[in-house]
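Sequential numbering from 285 applies to the sequence shown in our numbering.
Think about it this way: if two alpha-carbon atoms lie no more than 25 Å apart in a straight line, the pair counts; the simulated SDA-like pairs of lysine to any residue are:
#  : residue 1 : residue 2
1  : Lys477    : Asp347
2  : Lys556    : Asn658
3  : Lys533    : His645
4  : Lys414    : Gly336
5  : Lys496    : Lys618
6  : Lys496    : Asp623
7  : Lys477    : Glu310
8  : Lys500    : Gly540
9  : Lys527    : Gly460
10 : Lys496    : Pro613
11 : Lys556    : Asn852
12 : Lys826    : Ala769
13 : Lys533    : His557
14 : Lys533    : Gly689
15 : Lys442    : Val312
16 : Lys556    : Asn661
17 : Lys496    : Pro718
18 : Lys618    : Leu603
19 : Lys533    : Pro718
20 : Lys533    : Pro625
21 : Lys618    : Ala727
22 : Lys533    : Thr696
23 : Lys527    : Gln642
24 : Lys533    : Gln639
25 : Lys496    : Ile638
26 : Lys477    : Ser348
27 : Lys414    : Lys477
28 : Lys442    : Gly336
29 : Lys507    : Arg620
30 : Lys605    : Thr510
31 : Lys442    : Glu310
32 : Lys596    : Ala727
33 : Lys527    : Asp555
To be clear, the hints were calculated from the coordinates, so they are not data collected in a lab.
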Amino acid sequence: MPMTEQATGAHHPQPRPRSGGHSAPEQVTGAQSLIRSLEEVGADTVFGIPGGAILPAYDPLMDSTRVRHVLVRHEQGAGHAATGYAQATGRVGVCMATSGPGATNLVTPIADAHMDSVPLVAITGQVASKAIGTDAFQEADIVGITMPITKHNFLVTKAEDIPRIIAQAFHIASTGRPGPVLVDIAKDALQAKTTFSWPPVMDLPGYRPVTKPHAKQIREAAKLITQARRPVLYVGGGVLKAKATAELKVLAELTGAPVTTTLMALGAFPDKHPQHLGMPGMHGSVAAVTALQKADLIVALGARFDDRVTGKLDSFAPLAKIVHADIDPAEIGKNRAADVPIVGDAREVIADLIQAVQKEHSEGHQGDYGMWWNDLNRWRETYPLGYDQPGDGSLSPQAVIERIGQLAPEGTIFAAGVGQHQMWAAHFIEYDRPGTWLNSGGAGTMGYAVPAAMGAKAGAPDRAVWAIDGDGCFQMTNQELTTCALNNIPIKVAVINNGALGMVRQWQTLFYNQRYSNTVLHSGPDDVNPQARGTRVPDFVKLSEAMGCHAIRCESPDDLDKVIEEANAINDRPVVVDFIVHEDAMVWPMVAAGTSNDEIMAARDVRPDFGDNEDD
285 MPMTEQATGA
295 HHPQPRPRSG
305 GHSAPEQVTG
315 AQSLIRSLEE
325 VGADTVFGIP
335 GGAILPAYDP
345 LMDSTRVRHV
355 LVRHEQGAGH
365 AATGYAQATG
375 RVGVCMATSG
385 PGATNLVTPI
395 ADAHMDSVPL
405 VAITGQVASK
415 AIGTDAFQEA
425 DIVGITMPIT
435 KHNFLVTKAE
445 DIPRIIAQAF
455 HIASTGRPGP
465 VLVDIAKDAL
475 QAKTTFSWPP
485 VMDLPGYRPV
495 TKPHAKQIRE
505 AAKLITQARR
515 PVLYVGGGVL
525 KAKATAELKV
535 LAELTGAPVT
545 TTLMALGAFP
555 DKHPQHLGMP
565 GMHGSVAAVT
575 ALQKADLIVA
585 LGARFDDRVT
595 GKLDSFAPLA
605 KIVHADIDPA
615 EIGKNRAADV
625 PIVGDAREVI
635 ADLIQAVQKE
645 HSEGHQGDYG
655 MWWNDLNRWR
665 ETYPLGYDQP
675 GDGSLSPQAV
685 IERIGQLAPE
695 GTIFAAGVGQ
705 HQMWAAHFIE
715 YDRPGTWLNS
725 GGAGTMGYAV
735 PAAMGAKAGA
745 PDRAVWAIDG
755 DGCFQMTNQE
765 LTTCALNNIP
775 IKVAVINNGA
785 LGMVRQWQTL
795 FYNQRYSNTV
805 LHSGPDDVNP
815 QARGTRVPDF
825 VKLSEAMGCH
835 AIRCESPDDL
845 DKVIEEANAI
855 NDRPVVVDFI
865 VHEDAMVWPM
875 VAAGTSNDEI
885 MAARDVRPDF
895 GDNEDD
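Between the sequences and the hints, there should be enough to build the whole structure, so can you do that?
This is how it looks when you write it as C-alpha cells:
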C-alpha cells in the first residue's frame, strides 16, 4: 500500500548532487525547480506530452541541456517507453503528462511497471490546488486512481516541496523492490516562486527496505540444498533487478542444481548453459515445468510463485520444500508457504548462499543429484522445444522469430508484445546475457513492444533493438513509430502478422470448438472470404512508410534471411517488416488455465509420459 505524504519522513542516504556539493538557494519557479531536480537526480530522458496543467514545466524544460524530452504521440507510449528505458539501462524511467486524460492514459503503463517491478517516476500536472475536488476541467484524482498500482505516490501543492519529493520519488522507485512512483503537481505549485537548493533533506522514516539476509536462514537454506535429491533453482526477475546474474552462475555451478528462469528472468542465466532447463509455466518447456513438479526442494530467488508458473496452486510441486528469497517480504508466503523464508536483496542472498554452501561442502555435505539429472536429461531430450513448418509453404512464425534472433547483432535488445509471438520469442531466441529481453510479464499488456523498444533504444543508442510484435499489438501503439522517426530512434519492428488475435484464437481452437468470435483482424464480419491473403487492412507497409519508416513485406521462407539482413543493415531510421505468417500455428507446450502443471501438453493431444520417478 503506498504511503501517504503525511506518513513519510527521512533517514536514508541522500541523492548525490551532480554538482559535487550543496547548491546555494536561488529564486526560481516551481516548474524550474522541477526541471533542476530532474537534472540533479540524473534523469537524462523524459517521455511525455504537454497539456494545460503541466505546461508550466515545459517552458524551463526547453532550456535544459541535461534532460532530453521525447514528444510521444500518446501518453501510454510515454509510460511504456519509460519502462523500456528502465529495463534496458537499469536506471529510473521518467514520463510526464498533463492532468485528467493525460494522467489516466498513464494508468496502464504504471500498472504494468508495478506488476513487473520496474523503477519508474511518472510526473503529472494537476489542476490548481484550490480547484482540486471541484470537478474542474481536466481534473482526475490520479493519486487515488493509482494508489493500488504504485509503490508510492505524492500530491504536491507547495512549490518548496518539489525538490524533496522528486528526490524521494527516485529513491523509492529505485531501491528495495523497484516500482513506479507517481508525482502529481498542482499547476499553481509549478507557477509559484520558491527557492531551489540541492540536495534536499529526505524524510522517509517508514521506508527501510531490508537488503541483508538473516544468517540463520541462509544456513538453513544451504543445508536443505545439500540434503536434497531433486532441487531446482527457480529464478525470477528479481535476480536481474539486483544485478545478481554473476552470483547466480556461481551458485548454480557450485551446487550442480538445475535452473529455470521465468519469463521476466530470461537472460539471468545463459540459455545455452547445460544446467538451464528453460522457462517454467503455462507455456514453459516440459523439462522446466516437470522439474518443478517433481522437485523435493525449490529455491525461489526473486520470484513470486505467479499463477502462470504454478498452474493450479494446490497441485504445484506437491513434494517440494520451499526456500523463498525476495526483497519484498509481502511476497513470501503469499501464494506458497515457505519452509525457509529469506528477506533480502537477491545479490546479497545469493552471495551469502554461496559461502554457506561452500562451508557445507567443506564439512563433507554435498548433494548427489546424479539420478535427478538422468530424469531431467531424459525429459528435455524426449520433449525438446520445436515447431512444424507449414505444409502450404507459408512462413512459420517460429522460424521468423528464430532467424531474427540468430541474425541479430551481438547484444541486441528484444522487446516483445503479448501473445503467441511473445512466447515464441521467449522460446526461440537465445538469451545469454541480462538486459536483452523486455516484455510485459505480469500485466500482459498488448501494445507494449513498440514504445518499450523506443525507450530502450533511447537509453541504449549503441545497441540494436528489435520489437517482436503481433498484428494485434502493433495496431495499439504503432503511432510511436512517428516519434521514433522524428527523434532519430531507429528501432526495428517485426510484425508477426497472422491476421488474428493469435493467442485468443488458439484458445478458441482448443476450448471453444473453433468458434472464432471476433479474433480475425484483417477483414470484417461480412467478408465472404475472410482468410483471403493480400486483402489485409491496414497495409502495414504503407502505414509504416507514412510514419517515416523503411518498410518491407515478407511472405516466403525463401526471402526470410535476405529481408532480416536488409532490416539489420538500416540504422538511420526505423524499420518495419510485415511478416505474413501461417495463421494456425500454436504455442506449445501448454498448461491450460486452471489445471495442474501435471497436465502439460507437449503438443495438441500429446501429454508427456514421465513414467515412475525412482526417487518418489
